[in-house]
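Start from the sequences and build out the full structure, keeping to the hints where you can.
Residues 1 to 154 in UniProt numbering are what the sequence shown lists, from first letter to last.
Simulated from the structure, these hints should not be mistaken for lab results. Careful, some of the hints might be misleading.
[Claimed, not checked] Label pairs and their in silico Cβ distance ranges: (1) ALA3 - ALA129: 20 to 26 Å; (2) GLU134 - ARG92: 28 to 34 Å; (3) GLY87 - ASP140: 17 to 23 Å; (4) ARG8 - PRO137: 15 to 21 Å; (5) LEU146 - ARG8: 28 to 34 Å; (6) ASN5 - GLY118: 28 to 34 Å; (7) ILE21 - HIS73: 25 to 31 Å; (8) ALA108 - ASP15: 32 to 38 Å; (9) ASP140 - ASP58: 34 to 40 Å; (10) GLY87 - ALA108: 31 to 37 Å; (11) ALA7 - HIS73: 21 to 27 Å; (12) GLY106 - LEU146: 16 to 22 Å; (13) ASN5 - GLU134: 29 to 35 Å; (14) ARG92 - THR153: 16 to 22 Å.
Cβ atoms here follow ideal geometry from the backbone N, Cα and C, with glycine treated the same way.
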Amino acid sequence: MDALNIARDRPDSPDVQALLIRHFELMRASSPEESCHVMEPGALLERDVTLLAARDGDAVLGVGALAQVEPGHGELKSMHTSAEARGRGVGRAILAGLLNEARAQGMARVSLETGTAGMFAPARALYAAHGFEECPPFGDYTVDPLSVFMTTTL
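As structure tokens, then:
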């Protein structure tokens, strides 16, 4: 693997969009619609989000976005590592980059929603290892037995 490059990117870049579509389709196939909070790739363009992509050379290995929930409070969205790149530290690198972006944007808190199913266990462990703790629903979310809400202060 070349040096992993984490940098701002655009959701409409063809290779980034392809990975976002894979993420969207996987999330839609894994959760009932009423419990699936994945953003459509095009919605990332409509909202003021900071999107980071992890690249190894020209290959996009992972993506993640930071959206503002309210002043000083950000939300992680569309965190996804390609199946081929899992276990290589891609998610950890993107998460670190997004937390740095949140600090640079003056955010004091970052939260997220993820699933309760076993397939989400590695993500929950990653977030916990970076100081995220379970919390009540935030923003427009409501209690859902298929969702876990997590937050950290910066």
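Results of checking the hints against the structure:
{"no.": "1", "hint": "ALA3 - ALA129: 20 to 26 Å", "verdict": "holds (23 Å)"}
{"no.": "2", "hint": "GLU134 - ARG92: 28 to 34 Å", "verdict": "violated (20 Å)"}
{"no.": "3", "hint": "GLY87 - ASP140: 17 to 23 Å", "verdict": "violated (33 Å)"}
{"no.": "4", "hint": "ARG8 - PRO137: 15 to 21 Å", "verdict": "violated (29 Å)"}
{"no.": "5", "hint": "LEU146 - ARG8: 28 to 34 Å", "verdict": "holds (31 Å)"}
{"no.": "6", "hint": "ASN5 - GLY118: 28 to 34 Å", "verdict": "holds (31 Å)"}
{"no.": "7", "hint": "ILE21 - HIS73: 25 to 31 Å", "verdict": "holds (28 Å)"}
{"no.": "8", "hint": "ALA108 - ASP15: 32 to 38 Å", "verdict": "holds (33 Å)"}
{"no.": "9", "hint": "ASP140 - ASP58: 34 to 40 Å", "verdict": "holds (37 Å)"}
{"no.": "10", "hint": "GLY87 - ALA108: 31 to 37 Å", "verdict": "holds (32 Å)"}
{"no.": "11", "hint": "ALA7 - HIS73: 21 to 27 Å", "verdict": "holds (24 Å)"}
{"no.": "12", "hint": "GLY106 - LEU146: 16 to 22 Å", "verdict": "violated (32 Å)"}
{"no.": "13", "hint": "ASN5 - GLU134: 29 to 35 Å", "verdict": "holds (32 Å)"}
{"no.": "14", "hint": "ARG92 - THR153: 16 to 22 Å", "verdict": "holds (19 Å)"}
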